[in-house]
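Below, each chain spelled out in residue letters.
2 protein chains.
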Amino acid sequence: MKTISSRHNALYKRMRDASREHAEEIVIEGPKAVADAKAAGWTPLLVVGEDVIFSDALFNDISDTKTSQGIVALFERPRATLDQLFARHDSVVIALDGVQDPGNVGTIVRLAAAFDAAGVALLPGSADPFSPKAIRASAGAILNVPCATASRDELLARGWPLFAADARGEATDPPARRAILAFGSEGGGVSEEIARAATLIAIPMSSRVESLNVAASAAILLSRSYALRCPANS
Amino acid sequence: MKTISSRHNALYKRMRDASREHAEEIVIEGPKAVADAKAAGWTPLLVVGEDVIFSDALFNDISDTKTSQGIVALFERPRATLDQLFARHDSVVIALDGVQDPGNVGTIVRLAAAFDAAGVALLPGSADPFSPKAIRASAGAILNVPCATASRDELLARGWPLFAADARGEATDPPARRAILAFGSEGGGVSEEIARAATLIAIPMSSRVESLNVAASAAILLSRSYALRCPANS
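So the protein sequences, as listed, match chains G and Z. Residue numbers for the first sequence follow my numbering, so the first one is 1 and each next one is one higher. Residue numbers for the second sequence follow my numbering, so the first one is 235 and each next one is one higher.
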């Protein structure tokens with residue numbers, strides 16, 4: 001197989017654009033994650049390390065070398081709509097309201113799969129779940145969880161009961177189904193527009209810290225929501 | 235104030251060694267984290283950005299520039315013993331058994347503070363909680379949580395009830411007090427030595443993922459342990 005070593009090569013440019021811009025195409029790294037994507041029914045457009053070989057310098061441009069283990073695959077970017085998320089009435093829709101860190105977004109996508117959420121609505125100010133860092137943090141779950149961008153107005157227009165993780169709230173159980181569960185930025189929490197419309201849920205904790213990481217808050221509330229929904233398993 | 239720009243400067247070398255080796259001295263970055271450390275009773279040995287100024291190149295060597303906001307402080311490394319952790323009978327001791335990622339270790343230290351654990355025992359194969367990456371992930375909690383390294387035998391010799399997060403276990407509540415709660419590596423779980431001695435606790439979840447991130451598992455079980463311990467708050 002020919003090794004591509006020129007940055008003018010069209011395949012290289014396509015992989016590089018997908019890893020940086022993740023607009024219409026995205027990259028998934030590592031043999032395990034790529035195998036999982038195939039098992040989930042996705043067909044790679046191109047697999048670097050199988051269909052084609054890049055020089056080390058070019059490969060480094062498009063991958064996190066530790067995660068990729070020599071394999072980076074190109075996929076069409078999945079597009080989910082709000083309608084798809086709200087088609088399921090037996091679980092909750094997660095809304096991310098200004099979650100800027102791609103690692104946190106990817107971790108929450110993984111939690112959405114683990115606790116069988118209907119999907120993730122990305123409100124303004126949240127990181128792209130299809131960036132390489134978010135995809136890595138999702139541990140392959142990204143192709144398994146519908147993710148749709150939406151404005152706050154579009155989300156609120158659905159008219160579903162809205163709950164938000166917020167330290168100012170009451171320590172009550174999260175919803176089990178047919179509701180939106182929103183998480184905000186690390187420092188500021190959810191936006192005022194969401195907070196005003198939501199029932200605020202606090203997680204009981206000691207006074208030894210000011211706040212929890214947003215992915216930790218999501219783990220706690222989503223696992224509790226799942227246990228309420230599937231009591232036979234808990 | 236004089237700007238230090240030589241890599242031969244003794245203060246620079248001391249800061250650099252603390253950031254890389256974190257043996258006897260550690261670095262804490264950012265005005266908020268340094269203020270929190272002072273509020274917790276720790277006195278910095280030196281604050282770069284206040285007591286002394288480093289050139290940009292030298293400052294970049296010792297800091298994550300985004301987090302530090304121009305401030306990196308040197309502190310004596312805290313040393314806790316297993317005896318200190320086991321002196322508290324009103325909470326749980328966390329044991330990390332081969333948790334290699336410093337970000338996960340730091341996140342769990344933050345959770346230990348949030349859910350008022352007695353402290354963290356670091357078994358072989360776990361990352362140093364005093365590395366800059368772990369300290370950043372702890373969001374300042376590191377100086378507030380006793381962390382002690384220990385062998386598995388030393389931990390087991392305490393004779394406390396031992397529980398471990400493990401998908402092979404039963405979906406039962408974690409202990410509330412006077413017990414050890416162990417977490418293992420992302421891929422392999424806790425070591426065989428710990429697994430054999432422990433009651434294994436599984437977190438109920440869907441079959442859409444194979445496993446949870448270790449910090450997510452810790453968030454769920456530690457928050458539940460805290461709620462059982464402090465029912466008035468939950």
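Some hints here could point you the wrong way.
[Said to hold, decoys possible] Heads up, incomplete: computed chain Z residues facing chain G, CB under 10 Å, no partners named:
#1 L280
#2 G422
#3 E426
[Unchecked claim] Under the rule of at most 30 Å between Cα atoms (straight-line distance), these lysine-lysine pairs were calculated in the DSS-like manner:
#4 K367(Z) - K266(Z)
#5 K300(Z) - K66(G)
#6 K272(Z) - K247(Z)
#7 K236(Z) - K367(Z)
#8 K66(G) - K133(G)
#9 K133(G) - K32(G)
#10 K13(G) - K133(G)
#11 K236(Z) - K247(Z)
#12 K272(Z) - K32(G)
#13 K236(Z) - K133(G)
#14 K272(Z) - K300(Z)
#15 K367(Z) - K66(G)
#16 K133(G) - K272(Z)
#17 K2(G) - K32(G)
#18 K300(Z) - K367(Z)
#19 K133(G) - K266(Z)
#20 K38(G) - K133(G)
#21 K13(G) - K38(G)
Simulated from the structure, these hints should not be mistaken for laboratory data. Remember, predicted model here, so these are calculated numbers, not experimental data. The beta carbon of each residue, even a glycine, is placed where N, CA and C say it ideally should be.
- Straight-line Cα separation of K13(G) and K133(G) no greater than 30 Å? 19 Å, holds
- Query: Is the straight-line distance between the alpha-carbon of K367(Z) and that of K266(Z) 30 Å or less?
  - Reply: At roughly 16 Å apart (the allowed maximum being 30 Å), K266(Z) and K367(Z) satisfy the hint.
- Task: With a cut-off of 30 Å on the C-alpha distance, tell me whether K300(Z) and K367(Z) pass.
- Result: 13 Å, holds
- Decide if the proposed pair is consistent with the structure: K133(G) and K32(G), CA atoms, cutoff 30 Å inclusive. The given pair, whose Cα atoms are some 16 Å apart, holds under the 30 Å limit.
- Query: Straight-line Cα separation of K133(G) and K266(Z) no greater than 30 Å?
  - Reply: Roughly 26 Å between the alpha carbons, so the hint for K133(G) and K266(Z) holds.
- Task: Mind checking the alpha carbons of K236(Z) and K367(Z) for me, to see if they're no more than 30 Å apart?
- Result: Holds. K236(Z) to K367(Z) sits at ~29 Å (cutoff 30 Å).
- Message: For a C-alpha distance cap of 30 Å, please report whether K236(Z) and K247(Z) respect it.
- Response: 17 Å, holds
- Message: Hint validation: E426(Z) versus chain G, beta carbon distance must be below 10 Å. Holds or violated?
- Response: 23 Å, violated
- Query: Holds or violated: are the alpha carbons of K300(Z) and K66(G) at most 30 Å from each other?
  - Reply: Judged against 30 Å, a Cα distance of about 23 Å means the pair holds.
- Pair hint K272(Z) and K247(Z), alpha-carbon separation not exceeding 30 Å: 24 Å, holds
- Message: Tell me if the straight-line CA distance from K272(Z) to K300(Z) falls inside 30 Å.
- Response: Holds, because 21 Å separates the two Cα atoms, which is no more than 30 Å.
- Message: Checking one constraint from the list: CA of K236(Z) to CA of K133(G), max 30 Å. Satisfied?
- Response: Cα-Cα ~40 Å, so violated.
Hints 1, 2, 3, 12, 13, 16 from the earlier list are contradicted by this structure; the remaining hints agree with it.
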